[in-house]
Structures are given as C-alpha cells and as structure tokens.
Amino acid sequence: MISAAEALKDFQKITPKTIPLVEPFSKGHRACQGCGEVLALRMAAKAVGMDMIAVSATGCMEIISSSYQTAWETPWIHVAFENAAAVASGVEAGRKAMIRKGKIKDNGSKIVAFAGDGATADIGLQALSGALERGHDFTYICLDNEAYMNTGIQRSSSTPFGAMTTTSPPGKVSKGQMTWKKNMPMIAAAHNIPYVATASPAWHVDLMNKVKKAVSIPGPAYIHIYSPCPTGWRCPPETSIETARKVVQSKVFPLFEVIDGQFILTRDIKKPIPVEEYLKTQRRFGHLKPEDVAYIQKRVDADYDRLLKLVQATNPEA
Amino acid sequence: MGRRVGLEVSLACAEVVGLCNADVVAAYPITPQTHIVEHLSEMVADGHLDAEFVPVESEHSAMSCCVGSSAAGARTFTSTSSQGLALMHEILFIAASLRLPIVMAVANRSLSGPISIWNDHSDIMAERDIGWIQTFAENGQEVVDLTMHAFKVAEDKRVCLPVAVNLDGFILTHVIEPIELPDQEEVDAYLPSFEPSQSLDTANPISMGIVGMPEIYTEAKKANAVALEESYEVIKEHWAGLAEKFGRTYKPIETYRTDDADTVFVTMGSLGETTMSAVDQMRDDGIKVGQVRIRLWRPFPVEDFMEAIAGAKTLIVIDRALSPGLPAGPVGTELRGLLYAKGAKQYVANFVCGLGGRDVTRSQFVEMYQTATKAAASGEEMTCQMVGVKE
Ligand SMILES: Cc1ncc(C[n+]2csc(CCOP(=O)(O)OP(=O)(O)O)c2C)c(N)n1
Ligand code: SF4
Chain A
3 MISAAEALKD
13 FQKITPKTIP
23 LVEPFSKGHR
33 ACQGCGEVLA
43 LRMAAKAVGM
53 DMIAVSATGC
63 MEIISSSYQT
73 AWETPWIHVA
83 FENAAAVASG
93 VEAGRKAMIR
103 KGKIKDNGSK
113 IVAFAGDGAT
123 ADIGLQALSG
133 ALERGHDFTY
143 ICLDNEAYMN
153 TGIQRSSSTP
163 FGAMTTTSPP
173 GKVSKGQMTW
183 KKNMPMIAAA
193 HNIPYVATAS
203 PAWHVDLMNK
213 VKKAVSIPGP
223 AYIHIYSPCP
233 TGWRCPPETS
243 IETARKVVQS
253 KVFPLFEVID
263 GQFILTRDIK
273 KPIPVEEYLK
283 TQRRFGHLKP
293 EDVAYIQKRV
303 DADYDRLLKL
313 VQATNPEA
Chain B
5 MGRRVGLEVS
15 LACAEVVGLC
25 NADVVAAYPI
35 TPQTHIVEHL
45 SEMVADGHLD
55 AEFVPVESEH
65 SAMSCCVGSS
75 AAGARTFTST
85 SSQGLALMHE
95 ILFIAASLRL
105 PIVMAVANRS
115 LSGPISIWND
125 HSDIMAERDI
135 GWIQTFAENG
145 QEVVDLTMHA
155 FKVAEDKRVC
165 LPVAVNLDGF
175 ILTHVIEPIE
185 LPDQEEVDAY
195 LPSFEPSQSL
205 DTANPISMGI
215 VGMPEIYTEA
225 KKANAVALEE
235 SYEVIKEHWA
245 GLAEKFGRTY
255 KPIETYRTDD
265 ADTVFVTMGS
275 LGETTMSAVD
285 QMRDDGIKVG
295 QVRIRLWRPF
305 PVEDFMEAIA
315 GAKTLIVIDR
325 ALSPGLPAGP
335 VGTELRGLLY
345 AKGAKQYVAN
355 FVCGLGGRDV
365 TRSQFVEMYQ
375 TATKAAASGE
385 EMTCQMVGVK
395 E
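Listed in order, the protein sequences are those of chains A and B. Using the numbering used here, read the first sequence as starting at 3 and increasing by one per residue. Using the numbering used here, read the second sequence as starting at 5 and increasing by one per residue.
These aren't lab readings, by the way, just hints derived from the structure by calculation. Computed from a predicted structure; not experimentally measured. Mixed in with the good hints there might be a few duds.
Some, not all, of what chain A presents toward chain B, calculated at C-beta under 7 angstroms [claimed, not checked]: (1) N85; (2) V93; (3) A129.
Chain A stretches covered by chain B per the calculated footprint, using a threshold of three residues with CB under 8 angstroms from any CB of chain B [to be verified]: (4) 41 to 54; (5) 101 to 111; (6) 222 to 233.
Beta carbons: idealized from backbone N, C-alpha and C, even for Gly.
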C-alpha cells in the first residue's frame, strides 16, 4: 500500500472559493438549533462528496437524520450503537471482494463511519480498534459532543474533567466529571494508521481538508471533530462556533494531524487564551471553583507541551 | 456428479461455503465452530476460495461486518456457537429486519455457566424469536445440503432473510462422515450469483436502518413476520429443486415408523439418529413407537407437524435446553401451545436431556417411554422432567 504522504502528493486543497456546493447530508433533519455536531457532519459530508457510503452509529446524528424522512442523499446504513466501525469493515470487505470478482465496478465510493464520542470512546472502542488494526480502507469520524446526548446528557469517557452531566452531577463531594477526557485521537494514532486528525467546525476549511485527505488516503483514517452541543452544554445556540474557536485558542482541544506517524500542528497557539475564558462559555462548567480551573489549566498546558514534543520528535523539520 | 468423500463435517461445511462462492466470511473462533472458520481461512489463503476473510475481534463485530457486507450486496457467511451467538444477539434482530440474506452455521453448544464447550441447544433456543429462518441438520450430508439450500432460500427475492443452519457441536462438527460433495458446476446451476434487490450503491442511494417511529414500527415488524411465514413455501420449493439436482429429498418434518405408532418421540438435530435406533429396538420388543423430527424450526411448519403426529396418542417431546421458570422446555412449550390452539387431543410428555454434552442413551428412551405411558394412562398433567440427573 502507498503511504499517506505519497497519496497526498497531488492533494488539491479546498479553499474558501472552492468549498463544494454538494450537500450529501441535506435538509430534513431534526437537530436542535445551533447543534455543532450536525454542522460538523454537514461540513464533513460536503468534503467527501456524493461518492460517500455513510455508516452511522446510534446517537443524535442518526436519530435526527432518519426519522420520518432521510437527510442522507448518499447511501447510508445504521445498524447499532457500538458497531459503526465493524459495519463499515463489512461494507468495505464486501465491495472489495465483489470488485475483485468483477461483480461490481470500482466507482471510487468512499466509506465513512460517523459516530458520537460514546459510540467511539466507550461502547464501540473494541470494534473501532479491530477495524483500524485490520486496515480496512475507510474513514472513521468521531463527532465529539463530550457526552451521551441522544439519551439525555449522560457522561462518557470523553466528557471533560469538571463537566456536569446527568450521570456526573456536581454534588457535595463531587465536582461533576471526576476523570480526565480520554484521548481518543492518540489511541487511534497508536494503531499506526496512515492518517489521524483533530478538527473543529470553527475552522471549517481546515476541517473539510482533513476529511478530504482522510478519504483520499488508502487504509483507515480517523478524524476527531469537536462538536458543540448547546442543549447538553447549557449554552445559547448562537455560541456554538465561538465555543468551537475558544476550545482551540485555549489549547484545550489542539488541532493536529498525524500523517504516517508524523505529528503536525495545524494551528499553533502562540498566544493562548486562559482556559477559564473557554469554560465560562458553557453552564456545564458553571459550578467549578477557581482551584478547579487552575487544575484544568495546569493539565491542559502539560498536555499541549507533550503534543509539541511529539511534533518535534516525529517531525523535526517542522 | 459430485464425489463421495470421508470428511469431517466442519470441513464439509466450509467446503460447501466455498462451492457456494461466498464473497465475505467474517468470523471469530469459538469451540466447537473453530474448524469451520479455520478451514475457510485456509481455503481463502490458498486461493481456493476467492473471498474476503475478515478476522474480526468479536462475534458482535462478526455479525455487524456481515450486515455491512450483505448490505453492500456481497454473498456473506459466518459461523459461531454458544457465547458467540449470545454476543451477536443484538445484531441478529437487525440482520433480519434489514432483510439481509446472511447465512450462518451454528455449531450448537451450551451456554455459561458453568462454562461448557459441549453440545446442547441452549444457545439457539435463546434465539428463537430473532426472525431468522432456522434449520437443524441431523448428519454431515444434511449440513452440506442445508447450507446450499440456506443461500438459495435467503437470497430468493421472495424471502430476503438470514438463515441459520444448526449442527450439533462435536457430535456433528468433529465427526468424520461419508459425505457426497457436489461439483462446482452442479452448485452453480442450483445457486446462481446473488443479485440483491437493494444495496448500498451511490448510483441509487437508499437509507437502511432508519428510526422506527411508533407510526411505522408495528408495520415494519409485521412485514418481517409475514416474510418469515411466507418463506415456508419457498423453502419447500428449493428443497424440491435440491432433490431434483442432487437426488436427496428434504421435508420440513421427517417421520420414522410413525404409520401405526401410538407414541412418537419428537426430536431436533443429531439426536434423531439415536432416536431412530431406539425406535428400532423398541419396535423389536413390540412397542409401537415412532419418531418425528423437526428439520425446519423457523418458520415452524404447523400443518406438516400436525399431519406427522395425527395418528399418535402420546408425544414425547425432547428438549435440549431449559426454560427456567416454566414447567416445560422451549420446544415442549411451543408444541403444547400449538396443540392447544389446534384443539388436538395428544398427551404431551416433555423431557430435557443431553445438556452440556451429556450422552443420551437408548435405554433412556425406553425410560422416557415408560414414564410417559404411565402418565398418559393416568391422564394427569405431567411437568417437564430432566433425564438422568444425578441426585
Ligand atoms: C447497546 C446499547 N446501549 C445503549 C444504547 C442507548 N444509547 C443510544 S445512543 C446513546 C448515546 C449516544 O452517545 P454518543 O455516541 O456520544 O452520541 P451523541 O448522541 O452524543 O451524538 C446511548 C447510550 C443503545 N442504543 N445500545
Ligand atoms: S442534543 Fe446536542 S448533539 Fe444532539 S441534536 Fe441537540 S444539539 Fe445536536
């Protein structure tokens, strides 16, 4: 198989002027106002184009897109909560065998799995790990709204420290979520797959280019998209993009790529904003005390430094 | 014409999946199914079968992968057993409701706990209501024929449903039997390539697996149930086709020496062979017994069954699984319900035996007969009894 870098040699970047006009994910969905997840999904789908075969995990994006009418203009399949990666493996294997046997033509279809953070970091982690390890040619996109929203805002292992959810409520002896957010992109990268990236809908052209890269590289690719959820995060619908910007500017959610094992920062944050400024955009963090915020700031800085070291270590010329 | 070979039944099963030209095999190993998938992976590795062998990380993913590949339009096979089947449980319903013609060999094995690798039917009995077509093989030849037949039925446009072929773990999977393996040309003539009525194709986009709002869920379920019921005629039709091509006849319900029998044993799977010899032995002693064997478990062949037992006064229904909390095993419960609905007068005695690999001997059939006859004569209702329990 050719390397990701080789596959990207003639990569044609999407620019603000060439943003695809197609809408593989179109009207007719029932997402909440200001939903950052559906916005991220729409941007990702645009970047893939009409050649997409989409596989969804159970979750908000599946429910809002397929009740009464379908919002999917391309072939789409939903099977269950924890198995989007395994279903995508099957679609890929089936097509591969049939193309080889001459039963169908290779029309360049791109298989893309969409799943929430719960479907990815928790219940579906095993299926995802299996599919990445086996090397299926598909792209897995985690739309991370940092909790189980479809079932009513319960915590996941992707819920950040200190966040209030219905199963991590702050109380006399609790600050809300007491564990640190599971680092899914690093877990995906540890599978040595050709392409891993993080993205935010506040950098929409960057997001689309990352998705376009992911689907043009042979083999598995993983993209982790930060996806604001006004309903679950207790913030006004019109602030989704602002929040998606602040999370990056505060270094809480750095934007990077891992191409053939090389880490690349796609947005270097030279002048970060304080974490507090990000936290205060959402009422889910409203109960935190200054010492909690200081603790988060310290860990965010440490994590970011570690990422910088990885960039230097794997990509000294950058 | 095919060739007669001495072959382990698992390998014969894998060979016939190869002859059926499967496109995708996704599977996870579990005793006693392992030889089936090991042989399939060898066949793929040797280029003897042109298929994708997907060595998934669990049975949940095996069935999920099968759903994906079948939805993409590929001929798809898997095989499992026991805990593996239980782990697939969630996705088995979805495979049926998406109307995907996946074929699965189930090497029947008991369920934990205690953990046991040996044969009974508790794995598949826990999957009675998944909406799959289910057949039970009695011997190696049946495994081969029922597997070919499974693809033929599953992919028939009038059916479009997944099919499970049950074969008893070890008793069948690990035994070498004389088997007639058909030629490639014969199989090709019986089973043309799979033409899905719908698939995931960008030229003709469809959404599969949408939300079932209360306004449509009932109708979707009904459509599923009707499809399963209506598969019955197609199943028989393709058995007739099989008989014509290969000279072996199959019926939903088989009978043995039932013509003048007062009492019949009702069995499923490989136990049927022991039952036949027990029936012969009892006949030699002048006892009028016979055997009725259920080959097609879902859809249940109601009329064929009623006809098969019409002359009998007492039924001895043998279950290979428990239904704790009910005074009958799963098969016993069903048949009692059926007879009640039909207003039939037969006395039903229900026994559970052969759990977790325990042998069922001919003398136990005689015991079951004696207990049942006594109870029937008294006319008193008899609750399910477990045979050969060491108290
Ligand atoms: C096996 C199983 N367990 C639980 C559920 C219930 N369930 C459906 S969606 C969901 C949460 C989805 O959360 P996430 O993956 O983060 O996606 P989101 O809805 O937040 O987009 C849960 C718990 C289920 N469908 N299946
Ligand atoms: S609950 Fe959140 S993620 Fe789900 S549709 Fe509403 S805003 Fe979007």
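Comparing the hints with the structure gives:
1. For the restraint placing N85/A at the interface with chain B, the shortest Cβ-Cβ distance is roughly 4 angstroms, inside the 7 angstroms limit, so the hint holds.
2. A distance limit of 7 angstroms between C-beta atoms decides the matter here; for V93/A the minimum to chain B is near 4 angstroms, and the interface restraint holds.
3. The criterion of a C-beta within 7 angstroms of any C-beta in chain B is met by A129/A, whose closest approach is roughly 5 angstroms, and the hint holds.
4. With 3 residues carrying a beta carbon less than 8 angstroms from a beta carbon of chain B, the region 41 to 54 of chain A meets the three-residue requirement, and the given coverage holds.
5. Check on the region 101 to 111 of chain A: 6 of its residues sit with their Cβ under 8 angstroms from a Cβ of chain B, so the three-residue criterion for coverage holds.
6. Here's how the region 222 to 233 of chain A fares: 0 of its residues keep a CB closer than 8 angstroms to some CB of chain B, so the rule of at least three is not met and the hint is violated.
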